[in-house]
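There are 2 protein chains.
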Amino acid sequence: MSSTAITDSPAPWLRDNCPCAACRDPRTGQKLFQITDLPADLTLGAVREVPAADGGSATHWEVRWEPEGHRSLYPAAWLAAHAPATSYAAGGDGRTEAEKELWAAADLAGQLPEAGWDAYIGDREVRARALEAVGSLGFFLLRDVPCRDRMVLGVAETFGFVRRTNYGELFEVRVEADPNNLAFTGALITPHTDNPYRDPVPTVQLLHCLRNEAVGGDSGLVDGFHAAALLRSEDRRAFETLTRVPVEFAFSDARTELRAERPLIEVDPLGRIRGIRFNNRSLAALRASAPVVEEFYAAYRAFGELLLRPELRLDFRLTPGDCLVFDNTRLLHARTAFSESGGRHLQGAYADLDGLASTLAVLRRAGRGEGAQA
Amino acid sequence: MSSTAITDSPAPWLRDNCPCAACRDPRTGQKLFQITDLPADLTLGAVREVPAADGGSATHWEVRWEPEGHRSLYPAAWLAAHAPATSYAAGGDGRTEAEKELWAAADLAGQLPEAGWDAYIGDREVRARALEAVGSLGFFLLRDVPCRDRMVLGVAETFGFVRRTNYGELFEVRVEADPNNLAFTGALITPHTDNPYRDPVPTVQLLHCLRNEAVGGDSGLVDGFHAAALLRSEDRRAFETLTRVPVEFAFSDARTELRAERPLIEVDPLGRIRGIRFNNRSLAALRASAPVVEEFYAAYRAFGELLLRPELRLDFRLTPGDCLVFDNTRLLHARTAFSESGGRHLQGAYADLDGLASTLAVLRRAGRGEGAQA
Chain A
0 MSSTAITDSP
10 APWLRDNCPC
20 AACRDPRTGQ
30 KLFQITDLPA
40 DLTLGAVREV
50 PAADGGSATH
60 WEVRWEPEGH
70 RSLYPAAWLA
80 AHAPATSYAA
90 GGDGRTEAEK
100 ELWAAADLAG
110 QLPEAGWDAY
120 IGDREVRARA
130 LEAVGSLGFF
140 LLRDVPCRDR
150 MVLGVAETFG
160 FVRRTNYGEL
170 FEVRVEADPN
180 NLAFTGALIT
190 PHTDNPYRDP
200 VPTVQLLHCL
210 RNEAVGGDSG
220 LVDGFHAAAL
230 LRSEDRRAFE
240 TLTRVPVEFA
250 FSDARTELRA
260 ERPLIEVDPL
270 GRIRGIRFNN
280 RSLAALRASA
290 PVVEEFYAAY
300 RAFGELLLRP
310 ELRLDFRLTP
320 GDCLVFDNTR
330 LLHARTAFSE
340 SGGRHLQGAY
350 ADLDGLASTL
360 AVLRRAGRGE
370 GAQA
Chain B
0 MSSTAITDSP
10 APWLRDNCPC
20 AACRDPRTGQ
30 KLFQITDLPA
40 DLTLGAVREV
50 PAADGGSATH
60 WEVRWEPEGH
70 RSLYPAAWLA
80 AHAPATSYAA
90 GGDGRTEAEK
100 ELWAAADLAG
110 QLPEAGWDAY
120 IGDREVRARA
130 LEAVGSLGFF
140 LLRDVPCRDR
150 MVLGVAETFG
160 FVRRTNYGEL
170 FEVRVEADPN
180 NLAFTGALIT
190 PHTDNPYRDP
200 VPTVQLLHCL
210 RNEAVGGDSG
220 LVDGFHAAAL
230 LRSEDRRAFE
240 TLTRVPVEFA
250 FSDARTELRA
260 ERPLIEVDPL
270 GRIRGIRFNN
280 RSLAALRASA
290 PVVEEFYAAY
300 RAFGELLLRP
310 ELRLDFRLTP
320 GDCLVFDNTR
330 LLHARTAFSE
340 SGGRHLQGAY
350 ADLDGLASTL
360 AVLRRAGRGE
370 GAQA
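For the protein sequence lines, the chains are A and B, in the order given.
If you use numbering that gives the first Met the number 0, the first sequence corresponds to residues 0 to 373, in order.
If you use numbering that gives the first Met the number 0, the second sequence corresponds to residues 0 to 373, in order.
The shape of chain A in the complex, shown without the other chains:
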């Protein structure tokens, strides 16, 4: 590698990434200076290659910075992987459509991402693959999870932290005498994301089936990122409207009054889909001028129709011991109606994707260093 990776890199970027012990705390790896601590007129001084002491390939490049006189030593391998002047990795934190595997129902026929509880607990590789499926497909299904009260919290703790809400640490999905949410009745529930009236919205949902003897009460999942990408290709204007119009969602009961105002489709600054909020039950009256309202409703209807296409919806039935874990910023979930006389009982809980991704990264790190078994 030549010195062009250095000389063509923007100076503040290169200086900001100096790995020396004066610039990064050796105990924490955290940066010790502010961007404002660097001279505004920073330039590269002398640049030289420093061969590996053992004559191997681990060469470094040394840079002397003017006018400050600081010396930085960059591993050539790091430069090759990161320097903007050469190539740069696409990167990303795994949360946008660019890093997902979008699916329709037929793509998953006969190959649901699933694992048995004992294998999941006992085998790092099984666990890692399950967590990867939440990133790539948006969900995984654990089988044979012990049908114990509050076990759903134990499942959440295998990969992250439970997000407590006004529904409690966990919530009971069964017919309630005095429900504060249609989920707690026997009603049919069309595809939706949970808690759009919360901000931050819970990014992971768990549903653990303890009992399902009801007629009906089958489950469905729709890949909202796939649906939004379809909308973009079929009706670009509708897609853009749904990314642009903030919509209020609201929930209230005797002890709670939540509302959040966000677009139905969230895109990142590069325009990539990174979040879906869709819930007819809690959409509040849209506050906007008449032309915006007209445009929103046309787009909302178009997206709603698309989300109901049978080929997008994966149907299955949760049986006792099943625990579904899914990305609530991407997948919509649904259920068919069932008799209110009972016989169906799930326990649900919320958690977050960042903790899940961290657990996966550490598993993969340990897998590399220590072999694939727990």
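Hint data in this document are derived by calculation from the structure and do not stem from the laboratory.
Honestly, I wouldn't trust all of these hints.
A pair holds if it fits inside one copy or across any two, identical chains being indistinguishable in the list.
The calculated SDA-like cross-link candidates involving lysine to any residue, where the alpha carbons are at most 25 Å apart (straight line), are [said to hold, decoys possible]:
| # | residue 1 | residue 2 |
| --- | --- | --- |
| 1 | Lys30 | Gly91 |
| 2 | Lys30 | Arg63 |
| 3 | Lys30 | Cys17 |
| 4 | Lys30 | Ser251 |
| 5 | Lys30 | Val361 |
| 6 | Lys30 | Pro11 |
| 7 | Lys30 | Glu175 |
| 8 | Lys30 | Thr42 |
| 9 | Lys30 | Glu265 |
| 10 | Lys30 | Arg254 |
| 11 | Lys30 | Gly68 |
| 12 | Lys30 | Pro18 |
| 13 | Lys30 | Ala287 |
| 14 | Lys30 | Arg364 |
| 15 | Lys30 | His332 |
| 16 | Lys30 | Leu72 |
| 17 | Lys30 | Ala297 |
Since the model is a prediction, treat every value here as computed from it, not as a measurement.
Chain A is already provided as a structure; the job is to place chain B on it using the hints.
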């Protein structure tokens, strides 16, 4: 009021907001139909005013919908407040700059939003005003909170739910022998937001001072929304760059590996500032092409310089019993260096703004219905 509020409203909007018991579940207030359940060719049929039975002002408007034949009855007062054709309330969920009171240090001189613990617990109105301050100013300061271990969790539970993270349910801010974060050393910490490497980021932070005998270790707060608004007026290009370039933040230790890629300044679809991430310690190497990197670094420096302006920074000293509660999506916090020989101990915890806003809304509701005292 004439019928124009009805005839000039987009039909799908009006129909979607039908308040009848067949359209909204009387038990939960949730909507019972999908937008796709409505006819695509929906039009207004007969419209008539329905006077109040008691001859009072609570009139309604009745609409018959074609071709479905459904009848909706709208309170005239609701139409006056919501109809797009007349006027509409600006609305919002309180989270963007439009609903904040931006401040510089001098604006708060001698009038910090503060309350004593006993008054906060005993008096609804004091509690409501404190929570309102988090919405409007971004923080409040509780005085005389009992200096007990884990008391910070009790404070969080007065308005919301603790967000557990890899740092635990609470974290100890004091000098640690083997710190995984510079916060746990005696180092100076410049203005920053916490946990930008997490997504969703914790939106509320609490810091409860148990002990502060150290020389140094004073606290500072900067209103990041104000700073971003200043950047927009002084250097629009830099502002736009920081809203447009996703930046990776990363944190790792033996058990954790977190990263999130988000812009430093988050705006909503209408361009209003609604979130700040700024933390030099955990900013990862930017992955972008050289021109984007150049532009980002110029903007990052401009914002960094602005955030260090002394007139923006509110300085104060936490004394034992103080508990600072602040919006971590808006305020940057800082501290001066202190001696590592100890004498300073805070306990911190995270929570979320949505729960806080819900608690406030219910307090105000109860205040209206039941008087201002607990």
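At most 25 Å between C-alpha atoms: does Lys30 with Gly91 qualify within a copy, between copies, both, or neither?
-> within (21 Å within a copy, 37 Å between copies)
Lys30 and Ser251: within-copy, between-copy, both or neither at 25 Å Cα | Answer is between; shortest inter-copy Cα gap is 13 Å, intra-copy 44 Å.
Up to 25 Å CA-CA - Arg63 versus Lys30, copy category | Classified as within: same-chain Cα gap 19 Å, cross-chain 66 Å, threshold 25 Å.
For the identical chains here, do Lys30 and Gly68 meet the 25 Å Cα criterion within one copy, between copies, both, or neither?
-> within (19 Å within a copy, 67 Å between copies)
When no copy is named, should Lys30 and Val361 be tagged within, between, both, or neither for a Cα gap of at most 25 Å?
-> within (22 Å within a copy, 43 Å between copies)
Go through the copies and call it for Lys30 and Arg364: within, between, both or neither, with a Cα cutoff of 25 Å.
-> Answer is within; shortest intra-copy Cα gap is 23 Å, inter-copy 47 Å.
Status of His332 relative to Lys30 across identical chains (alpha carbons, at most 25 Å) | Classified as between; 17 Å across copies, 42 Å inside a copy.
Intra- versus inter-copy proximity for Ala297 and Lys30 (alpha-carbon distance at most 25 Å) = So Lys30 and Ala297 pass the 25 Å test across copies only (19 Å; inside, 49 Å).
Check Lys30 against Arg254 for me: Cα-Cα at most 25 Å, and say if that holds within a copy, between copies, both or neither.
-> The answer is between: 20 Å across copies meets 25 Å, while 44 Å in one copy does not.
Could you figure out if Lys30 and Cys17 sit no more than 25 Å apart (CA to CA) within one copy, between two copies, both or neither?
-> within (9 Å within a copy, 56 Å between copies)
From the Cα coordinates, with 25 Å as the cut-off, is the pair Lys30 and Pro11 best called within, between, both, or neither?
-> within (14 Å within a copy, 54 Å between copies)
Up to 25 Å between alpha-carbons, please classify Lys30 paired with Glu265: within, between, both or neither.
-> Classified as between; 23 Å across copies, 31 Å inside a copy.
Checked against the numbered hints above, the structure breaks none of them.
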